[in-house]
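Student: Spelled out, the chains give:
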Amino acid sequence: MDDAGTQDRIEELRNRVDEVDRELVRSLNERARIVQEIVAIKAEAGKALFDPRREEEILRKVAEENEGPIYDTSLREIFTLILHRIRDLEVQREEFR
Amino acid sequence: MSISQKSAAGVKTNVSTNNGLIQPGSFRVIAGPCTIESYEQFVASAKAVKQAGYEYVRGGAFKPRTSPYSFQGLGEDGLKIMSEVNGELGLKGVTEVMDASDIELVMEHAQIIQVGARNMANFSLLRRIGEAIAGTDHGVILKRGLAATVEEWLLAAEYITSGGSENVVLCERGIRTFETSTRFTLDLSAVIVAKRLTDLPVIVDPSHAAGRRDLVVPLSKASVAAEADGLLVESHHDPQEALCDAEQALPVEALMGLREALQPFATAMGREVL
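Here the protein sequences line up with chains U and E, keeping their order. For what it's worth, our numbering labels the leading residue of the first sequence as -9, then goes sequentially. For what it's worth, our numbering labels the leading residue of the second sequence as -10, then goes sequentially.
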């Protein structure tokens, strides 16, 4: 491929990456909104936010469904951060003060 | 208990343990010497705790000292002194267990088992304690490891609570930072974060955090304001002669004044000092 061809191909792939990122952002916020609903129900029922058993269940499922090329352990790290950041968002809700 | 229940100050003040250690709307003070050194020393220190109006006295029989050549505590003899003195004075004891083979022995002589910062990640010990106290009135005070995150601390507590007991109390005791003017850095934000995430009561040990007695009362006041459910504080009838942590122990006069110093802050938070 000549220089212009290489550049075009990279550009095209980058556009696809951007599209996937947009989808990820949309999905993550969708996930956060669902968690908000769960948290509202938990707050009503007087249940604590900290739930390591459920967390482990989620991480196990994520690893099970993973087909690569990302390592299972890397996905667990990524999802741990997602879980905790969404939980931290919820901790700051008025109900938990 | 509903997690959304709040005091006038907007603070979750209604967490409790089944065994009465932590009661809703209260702020529990546990005081006493670092170590049980002798009958005379412990009885004098325990009498001061009683006189100051507190129900729980701390005192170590097994001491996790940094050096193996430092005084290691009186062991079983120390536990016997504790239960004898507490029986006479009507106090309840808090003491550390370091080895799983001592759990039953410690439970014979004290109501509350303390897990020290250095054992927070000793998961087999935590599990054994959780099994031993399940279904009893005995409780556990779990100190935060000196380099543990809040998440790690809560998971350590889970090792105990998964045994079935709800009498578990977390204790923030300072973490290692670059600061050297205090022994450790008291992390009050951890108290709040832990209380947001769980229903476990959280108390503060300002003595070990600061390592110096002039900070103990101000940090205790700050702990009340930071939503803590109580204090674990070191006091000695004669700090000059104390065998360990002498510079951080409150002398008798300071212990007597502690309640008065804390009550205005506790009142503002909707709590009563016990």
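In short, the hints are calculated from the structure, not lab data. The structure displayed is predicted, hence computed values, not measured ones. There's no promise every hint is true.
[Unchecked claim] To give a feel for the contact side, a few chain U residues facing chain E, derived at Cβ under 8 Å:
1) 22
2) 24
3) 39
4) 40
[Unchecked claim] DEER-style ranges, computed between Cβ atoms:
5) 257(E) - 30(U): 37 to 43 Å
6) 214(E) - 71(U): 27 to 33 Å
7) 56(E) - 47(U): 26 to 32 Å
8) 19(U) - 93(E): 40 to 46 Å
From the three backbone atoms N, C-alpha and C, an ideal C-beta is built for every residue, glycine too.
Student: Please go over all the hints and tell whether each is borne out by the structure.
Tutor: A quick look at each hint next to the structure:
{"no.": "1", "hint": "22", "result": "17 Å, violated"}
{"no.": "2", "hint": "24", "result": "19 Å, violated"}
{"no.": "3", "hint": "39", "result": "5 Å, holds"}
{"no.": "4", "hint": "40", "result": "4 Å, holds"}
{"no.": "5", "hint": "257(E) - 30(U): 37 to 43 Å", "result": "30 Å, violated"}
{"no.": "6", "hint": "214(E) - 71(U): 27 to 33 Å", "result": "31 Å, holds"}
{"no.": "7", "hint": "56(E) - 47(U): 26 to 32 Å", "result": "44 Å, violated"}
{"no.": "8", "hint": "19(U) - 93(E): 40 to 46 Å", "result": "52 Å, violated"}
Violation of the numbered hints given earlier is confined to hints 1, 2, 5, 7, 8; the remaining hints are satisfied by the structure.
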